[in-house]
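> What follows is each chain in one-letter form.
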Amino acid sequence: MKRLFFIFMIFVLLSPITAGAQTLSISVESREFYPFFFIEKDTPKGILLDMVRDGLTPLGITPKFKPLPLKRGLKMVERGAVDAIIAPRVKNNQFLLPADAFEKDISAHRILQIDSVVVTCKSDYEYLGDIKTLPIPIRITLGDPIESMFKDQGLSVDDAASGTHNIKKLIRDKKGCVITTSLKAMTWLENPKYKDNIDVSTEPVVSRSYFLIFSKKSSFGQHNIQLVWDEIAKNRDDYIYPIKLFTAY
Amino acid sequence: MKLRLCLVLLVCCLWSPLHAKTLKEWAKSFEPSALSIEERIKELKWFKEVSKDLAKKLDGKTIRSAAEHIKTHFYERDVLSEAFFDITGIRVKHNIIGEGPVVKEIMTQLRTGRVIEHIYVNDADLIGTHLRYQGVVNLSEYMKGEGKKYTNPYLDLDDWLNLEFGQDYSGNQLQLPDQQFSNLYWFRYDWFTDPKNMADFKEKFGYELGVPINWAAYEDIAKFFTGRKQTNPDGSTVTAYGHLDYLKPSPSLGWRFTDAWLSIAGVGDKGLPNGIPVDEWGIRVENKVPVGSMVERGGAMNSPAAVYALSKFMEWLKFAPPEAKDLEWHTAGPRGAKGDVAQRIFQYITWLSTDAFHEKGSPVVGKDGYPVWRVAPTPHGRYWDEGMKVGYQDAGSWTIPISVRDSYRAAAWLWAQFASSKTVSLKKFLVGGTPVRKSTINHPYIDKNIKKWAGLIEFYRSPAEKKWTDSGPNVPDYALSVTWVANLEKSLKEFHNGAAIPELAQRTMDNMARDQDEMMATLKLRKYSPKMNPIKSKDYWLKQPGSPKPERKPEKPETIAYDELIKQWK
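Here the protein sequences come in this chain order: A and B.
Going by the numbering used here, 15 is the number at position 15 of the first sequence; the sequence numbering is gapless.
Going by the numbering used here, 315 is the number at position 315 of the second sequence; the sequence numbering is gapless.
Keep in mind that the hints were calculated from the coordinates and are not lab data.
It cannot be assumed that every hint is accurate.
To be verified - Chain B is faced by these chain A residues, among others (derived, beta-carbon under 7 Å):
| no. | residue |
| --- | --- |
| 1 | E126 |
| 2 | T202 |
| 3 | I243 |
Bear in mind the structure is a predicted one, so any value in this text is a computation, not a measurement.
Don't be surprised by glycine CBs; every beta carbon is placed ideally from N, CA and C.
Chain A extracted, bound-state conformation (with noise of 0.2 Å):
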């Protein structure tokens, strides 16, 4: 019996989350992401991570979270070493995501819609849905699962740290595009560095919901995910919650 006892406890221990656990170990991309996820001063924040924080408050958890390339994030929720990842929807038979994530390009229960905008030097040229026409070089910031889209048609891209990097080098070199965040996109619009040298194209390169995706091998239970994923889309689709959520930034 005390031998029982003691292979749970060990089982207890080592699982990545348990029953009376307080915290829940998510993986975030590392590279910068800004607003909705980047690195300060060694922390992890953004826009993704407080929504999820928020959506685990009512549970009593606090997310512990581990900034990875994406790639090793998602072998790491493979594995079960961590619990889960924000990441847009990915097929594998390990992972956990709302039952809508592969039916619908706009999930009910994303974290959020993300848009990536084409941005291009002040001129005639309008993105208009063919990535063919995209002004070279085609820059994306370091790490972007985006690049596979365009790899995949042949195109090749120039990749920098951050996205300052690359609307810097578009107003240096007067050519080619930079492929942001809408929101950053308009950040920029507003910056009188670049107001007046950029145009931002209306159709999005492409549009991303952002899930919590969940391991297969975490103990959080179906339950307590299915209520993480109602929490943030309540808070995301309420009338207030967006105000101080975007205010802080």
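Go by the hints and put chain B onto chain A.
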């Protein structure tokens, strides 16, 4: 089998373009119109010519617009978007969603830059939000600059009834009104002019039964009719209600109050359109910067006038049909047409175009086919002073977020202008009853049929119309209305459980004002961001001139004969 299927598909493909109407056919179909057939053709040809390159560029693309679910927008979706496509080659998907989702979508788009829709019909109540977020296209600048080529030379902005609803403090047009709706007093003219009702009322209250000028008279009339047997033109006899309202927990419960209920009670200051320095939400604004809602900050949201506004809302529920607790603005809208309501202080005219108010055989339509109801000015509360706004009206207005650029912006702008053009506006009004143009309400066709609108046209033609205004530029973020809903819902639960009204109303308005100030203090907006005043004693502010106003004694009830009132409007 395959061959048959192919033939069917081929016929379908051929049928569609063959049945697209020509420009001339569309021009003829918009009859009656403020323009002659030749002028309509000219205007539609302009749309056709200017769109040629744009339509080619946007081939295979769709302009997405969003609007709330009222008849006007269904007409735009079902008729005007088809006409626009046939004429310009630009495809539009006009999504009809609730007003709540429209606000949610546009706010998400403003915050994230993510293009959900290319253009919205968004209430001009949000003008304060838009001028502070700086997230929508300044149409005045666009028309002069980049969008000049795409601006209809026959647009005639001077023809708009209330263009100012969509303007910022400097007069820049940020939103272009597409459909306008006022909130007026609605009553049963046949019952009010019935000799027995008139005599009994005079005997009981000592003054004439008529259109109430103030809330004291409204309350007397509500008392008088509630439980009284009345007959309708269709022969039915009903036990009447003296009032109608709605209080189901929903965003519309918030609008019931934010749509100027406080200012109708007299909460704000004198000065059109919204009250200076305290407006219709009870927000004090200094140099365009909101500084507080609480009386302790110089606001008036928890002032004696605001408490009186909420108290009367609750007290009068005893005169309303019991289902009021389950009604929202859209279910309460056509409720008066059932034939058992004598008057309603807060009637959105949007719903008066529904068939229930006009079809033969309806309890509220006379044997001559005309309504036996009328609309009249909103009665005001005891804190109201001459020089203040009298009531509420707003305009669902075309609004383009700045994230929509270049070809999409131009196409969206063309769609907005087309849907509110002189060619189509009168026809659209006849369907939806929500005018935006003077040429619509002054048209000879309207003269001939004026009885059909039962006072509405007289209202729009009168100079008094300018005293009915929307939530003005002082409201820094329309999402603040959510704090109203949350507090009202809580308060009404206590009300249903028997809480004493004056104390409950004071507590509710105190909480609401505090919550609104807390929210305002967190806002960081690009222009005129709120900056809260320091807290001072209530007494200090109540002793200052204007709003917040100290407690007032009950007013003397006053009424006016409807026919006399109409003469004054003319």
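> Decide, hint by hint, whether the structure agrees.
Right, here's what the structure says about each hint:
1. At about 5 Å, the closest approach between the beta carbon of E126(A) and any beta carbon in chain B falls short of 7 Å, and the interface hint on this residue holds.
2. Look at T202(A): its Cβ gets to within about 4 Å of chain B, closer than 7 Å, so that hint holds up.
3. Interface restraint check: I243(A) against chain B, minimum CB-CB distance 6 Å, threshold 7 Å, status holds.
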